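**Q** This is what each chain is made of:
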Amino acid sequence: MSKIIEGLKYSESHEWVKVEGNIAYIGVTDFAQKEMGDITYVDMPEEGDDVIAGEEFGALESVKASSELISPVSGTVVLVNGELEDAPEKVNEDAYGAWIIKVEMSLPSELDALMDAAGYKANIGE
Amino acid sequence: MKYYDKLIFECSKEGRCGYSLPKNAFPAAGELPQALRRQAPLDLPQVSEPDVVRHYTNLSQMNFGVDTGFYPLGSCTMKYNPKINEEMAALQGFAGLHPLMPARLTEGACKVYEEMDKALAAITGMYKFTLAPCAGAHGELTGLMLMRQYHINRGDLNRTKVIVPDSAHGTNPASAAVCGLEVVEVKSLENGRIDVEALKPLLGPDIAGIMMTNPNTLGLFETEIKTIAALVHEAGGLLYYDGANMNPLMGVVRPGDMGFDIMHLNLHKTFSTPHGGGGPGSGPVGVAQKLVDCLPSIRVSAFHGNFGVILRAYAYILSLGQEHLRKVGEYAVLSANYIKESLKDVYKLPIEGVCKHEFVFDGLINDGAHDDVPGATTLDVAKRLLDYGFHAPTIYFPLLFHQALMIEPTETESKETIDAFIDVMRKIAAEAAQDPNILHEAPHNTPISRPDETTAARNPILKYQEN
Numbered sequence: 000m001s002k003i004i005e006g007l008k009y010s011e012s013h014e015w016v017k018v019e020g021n022i023a024y025i026g027v028t029d030f031a032q033k034e035m036g037d038i039t040y041v042d043m044p045e046e047g048d049d050v051i052a053g054e055e056f057g058a059l060e061s062v063k064a065s066s067e068l069i070s071p072v073s074g075t076v077v078l079v080n081g082e083l084e085d086a087p088e089k090v091n092e093d094a095y096g097a098w099i100i101k102v103e104m105s106l107p108s109e110l111d112a113l114m115d116a117a118g119y120k121a122n123i124g125e
Numbered sequence: 000m001k002y003y004d005k006l007i008f009e010c011s012k013e014g015r016c017g018y019s020l021p022k023n024a025f026p027a028a029g030e031l032p033q034a035l036r037r038q039a040p041l042d043l044p045q046v047s048e049p050d051v052v053r054h055y056t057n058l059s060q061m062n063f064g065v066d067t068g069f070y071p072l073g074s075c076t077m078k079y080n081p082k083i084n085e086e087m088a089a090l091q092g093f094a095g096l097h098p099l100m101p102a103r104l105t106e107g108a109c110k111v112y113e114e115m116d117k118a119l120a121a122i123t124g125m126y127k128f129t130l131a132p133c134a135g136a137h138g139e140l141t142g143l144m145l146m147r148q149y150h151i152n153r154g155d156l157n158r159t160k161v162i163v164p165d166s167a168h169g170t171n172p173a174s175a176a177v178c179g180l181e182v183v184e185v186k187s188l189e190n191g192r193i194d195v196e197a198l199k200p201l202l203g204p205d206i207a208g209i210m211m212t213n214p215n216t217l218g219l220f221e222t223e224i225k226t227i228a229a230l231v232h233e234a235g236g237l238l239y240y241d242g243a244n245m246n247p248l249m250g251v252v253r254p255g256d257m258g259f260d261i262m263h264l265n266l267h268k269t270f271s272t273p274h275g276g277g278g279p280g281s282g283p284v285g286v287a288q289k290l291v292d293c294l295p296s297i298r299v300s301a302f303h304g305n306f307g308v309i310l311r312a313y314a315y316i317l318s319l320g321q322e323h324l325r326k327v328g329e330y331a332v333l334s335a336n337y338i339k340e341s342l343k344d345v346y347k348l349p350i351e352g353v354c355k356h357e358f359v360f361d362g363l364i365n366d367g368a369h370d371d372v373p374g375a376t377t378l379d380v381a382k383r384l385l386d387y388g389f390h391a392p393t394i395y396f397p398l399l400f401h402q403a404l405m406i407e408p409t410e411t412e413s414k415e416t417i418d419a420f421i422d423v424m425r426k427i428a429a430e431a432a433q434d435p436n437i438l439h440e441a442p443h444n445t446p447i448s449r450p451d452e453t454t455a456a457r458n459p460i461l462k463y464q465e466n
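Here the protein sequences come in this chain order: A and B. Numbering follows numbering that gives the first Met the number 0, with no gaps: position 124 of the first sequence is 123. Numbering follows numbering that gives the first Met the number 0, with no gaps: position 140 of the second sequence is 139.
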């Protein structure tokens with residue numbers, strides 16, 4: 000059974016969003032990290048880059064495969080989690096603690112299209 | 000295995016020399032302009048002949064191949080490469096050929112092409128082959144271009160989609176995308192075969208065709224192939240056969256008879272030519288009669304395919320003949336099933352039943368996880384196999400199973416070798432159950448343990464740097 004946290008927003012491509020005002024922290028879910036296996040590299044954008052909802056902003060590499068990261072919201076990257084550069088395994092250890100990018104949202108209404116915890120739980124069939 | 004990791008530059012000693020060139024009998028071509036001349040002497044290693052010989056011999060012993068041991072890499076058909084193939088390819092009349100030689104001097108090579116085309120057509124039930132493509136994925140792209148051209152020739156211009164099963168080789172959707180076609184996935188059933196009911200609604204006037212391999216990536220024969228072929232043809236589409244898994248079928252069933260219209264073969268898999276860091280590949284493409292006008296002409300270029308590889312594969316076909324080609328598949332199937340049945344009480348077998356040339360386990364039944372110690376994964380099993388002198392099977396493919404371990408023994412291994420492999424796989428399973436850390440830390444006996452593959456791929460050091 001994968002961990003799902005109440006109060007976060009979830010995308011179909013298994014990213015989570017934690018909202019603080021106009022700021023969104025984005026990471027991948029516990030379900031996603033389990034599917035991927037041992038994560039060996041997190042490919043992140045640069046600070047100042049724009050991200051667009053539904054489009055790729057980076058990638059995760061694991062011992063099994065490489066998988067795109069899809070942004071659940073649009074906006075500007077104000078911070079990337081530099082800690083993951085040297086310690087990508089943190090995504091496996093604590094998927095909800097290891098945020099990947101911090102985004103200043105340009106269209107917060109996009110959040111409405113995302114799922115809540117119960118919706119995501121049903122979506123992954125758990 | 001003896002550890003050796005020196006660079007030839009590290010063997011260098013000032014003033015040492017391993018050669019003596021004859022005096023130059025030709026006059027100097029004149030002075031080069033100053034701007035073009037090297038300002039400092041070229042920094043070449045300075046080594047004696049025995050140093051050079053030992054250096055490269057030691058490096059060669061760091062390698063693993065079918066000539067050194069068992070190589071059960073699923074989906075790759077790492078069969079033994081008979082040495083008679085090499086002898087045939089080394090014959091002066093073949094080895095001395097140059098693509099720019101006049102036609103009257105290359106008739107022997109042309110005859111090989113012609114005979115090979117006929118042999119492959121007879122084995123596969125296709126009408127005609129082009130031997131030009133130089134590898135499997137090259138064949139796929141060629142085949143898909145033929146598929147597209149066939150529809151265009153008929154004025155059928157809206158067929159832009161290709162159906163690919165979720166168990167397909169990764170190159171299938173990639174080749175379709177390179178060809179400008181849109182990929183539509185069709186799911187597998189619980190029994191590992193294509194879901195015919197899920198296929199039906201996908202078929203329509205926008206479908207160019209379907210790409211399949213049979214037996215599929217799980218090593219299972221697609222039992223509904225006749226129904227699938229009829230449905231796809233009825234919708235105006237074509238069937239493409241990925242020949243990567245042809246090994247168990249030779250001389251028994253033919254893709255042409257199953258209803259396939261286009262296919263490629265991997266001569267470097269099924270027909271015993273070296274591959275996997277060894278020789279180059281060859282991926283001939285065969286078509287049904289209705290597509291013969293779309294094939295490239297043999298005269299398209301004097302640089303036609305990998306001739307040396309085609310020649311080796313031709314030697315293989317002639318060495319075995321019709322009767323023994325059939326045995327290839329029978330023994331490959333027997334070996335795979337023997338391993339599967341001998342290990343399924345300790346490794347998870349997701350789909351029961353007779354497999355063809357390969358099969359997939361889904362990790363260990365008892366991975367040894369306890370308290371804070373995580374269980375042994377498929378990667379750990381693969382790494383531990385190296386300690387026992389076997390090449391690892393294919394891992395984490397197909398993606399249908401989380402701990403996929405894909406084993407293909409081929410027909411060329413003796414029962415003793417296969418039994419030794421089974422013993423080691425059982426020993427590894429017992430080790431995992433007892434103490435998974437033995438596996439987590441493997442390999443212990445190889446020159447290097449687990450390299451940082453991600454960094455190696457992202458920041459490769461490809462040049463000698465003195466400092």
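Please note that a few of the clues may not be correct.
Claimed, not checked - The calculated lysine to any residue pairs, modelled on SDA-like cross-linking and capped at a C-alpha distance of 20 Å, are:
1. A:K17 / A:A116
2. B:K347 / A:G36
3. B:K186 / A:E34
4. A:K89 / B:D451
5. B:K426 / B:T416
6. B:K186 / A:E11
7. A:K89 / B:T454
8. B:K1 / B:D66
To be verified - Just the calculated beta-carbon pair ranges, DEER-fashion:
9. B:T454 / A:M0: 29 to 39 Å
10. A:A58 / B:N190: 25 to 35 Å
11. B:D4 / A:G47: 40 to 50 Å
12. B:N458 / A:G47: 19 to 29 Å
13. A:G53 / B:Q60: 16 to 26 Å
14. A:D37 / B:E233: 41 to 51 Å
15. B:P49 / A:G47: 37 to 47 Å
16. B:G17 / A:G47: 55 to 65 Å
17. B:P101 / A:G53: 56 to 66 Å
18. B:N458 / A:M0: 51 to 61 Å
19. B:I7 / A:G53: 50 to 60 Å
20. A:D115 / B:G203: 34 to 44 Å
21. B:L461 / A:E88: 24 to 34 Å
Calculated from the structure, these hints are not laboratory results. Computed from a predicted structure; not experimentally measured. For glycine and all other residues, C-beta sits at the position ideal for the given N, C-alpha and C.
**Q** Work down the list of hints and note, for each, if the structure agrees.
**A** Tested hints:
1. A:K17 / A:A116: holds, 12 Å
2. B:K347 / A:G36: Holds - the C-alpha atoms of A:G36 and B:K347 are around 18 Å apart, at most 20 Å.
3. B:K186 / A:E34: holds, 18 Å
4. A:K89 / B:D451: Satisfied, since the Cα-Cα distance of roughly 17 Å is no more than 20 Å.
5. B:K426 / B:T416: Judged against 20 Å, a Cα distance of about 15 Å means the pair holds.
6. B:K186 / A:E11: holds, 19 Å
7. A:K89 / B:T454: holds, 17 Å
8. B:K1 / B:D66: Cα-Cα ~18 Å, so holds.
9. B:T454 / A:M0: 29 to 39 Å: Between B:T454 and A:M0, where Cβ atoms are some 34 Å apart, the hint holds.
10. A:A58 / B:N190: 25 to 35 Å: holds, 33 Å
11. B:D4 / A:G47: 40 to 50 Å: holds, 42 Å
12. B:N458 / A:G47: 19 to 29 Å: Cβ of B:N458 to Cβ of A:G47: about 24 Å, so the range 19 to 29 Å holds.
13. A:G53 / B:Q60: 16 to 26 Å: Once the Cβ atoms are compared, 52 Å apart, the range 16 to 26 Å for B:Q60 and A:G53 is violated.
14. A:D37 / B:E233: 41 to 51 Å: For A:D37 and B:E233 the Cβ distance comes to about 46 Å; the hint holds.
15. B:P49 / A:G47: 37 to 47 Å: About 59 Å separates the Cβ atoms of B:P49 and A:G47, which means 37 to 47 Å is violated.
16. B:G17 / A:G47: 55 to 65 Å: holds, 56 Å
17. B:P101 / A:G53: 56 to 66 Å: 60 Å Cβ-Cβ, so the 56 to 66 Å window holds.
18. B:N458 / A:M0: 51 to 61 Å: violated, 38 Å
19. B:I7 / A:G53: 50 to 60 Å: For A:G53 against B:I7, whose Cβ atoms are near 52 Å apart, the range 50 to 60 Å holds.
20. A:D115 / B:G203: 34 to 44 Å: holds, 37 Å
21. B:L461 / A:E88: 24 to 34 Å: holds, 27 Å
Violated hints for the displayed structure, listed by number in ascending order: 13, 15, 18.
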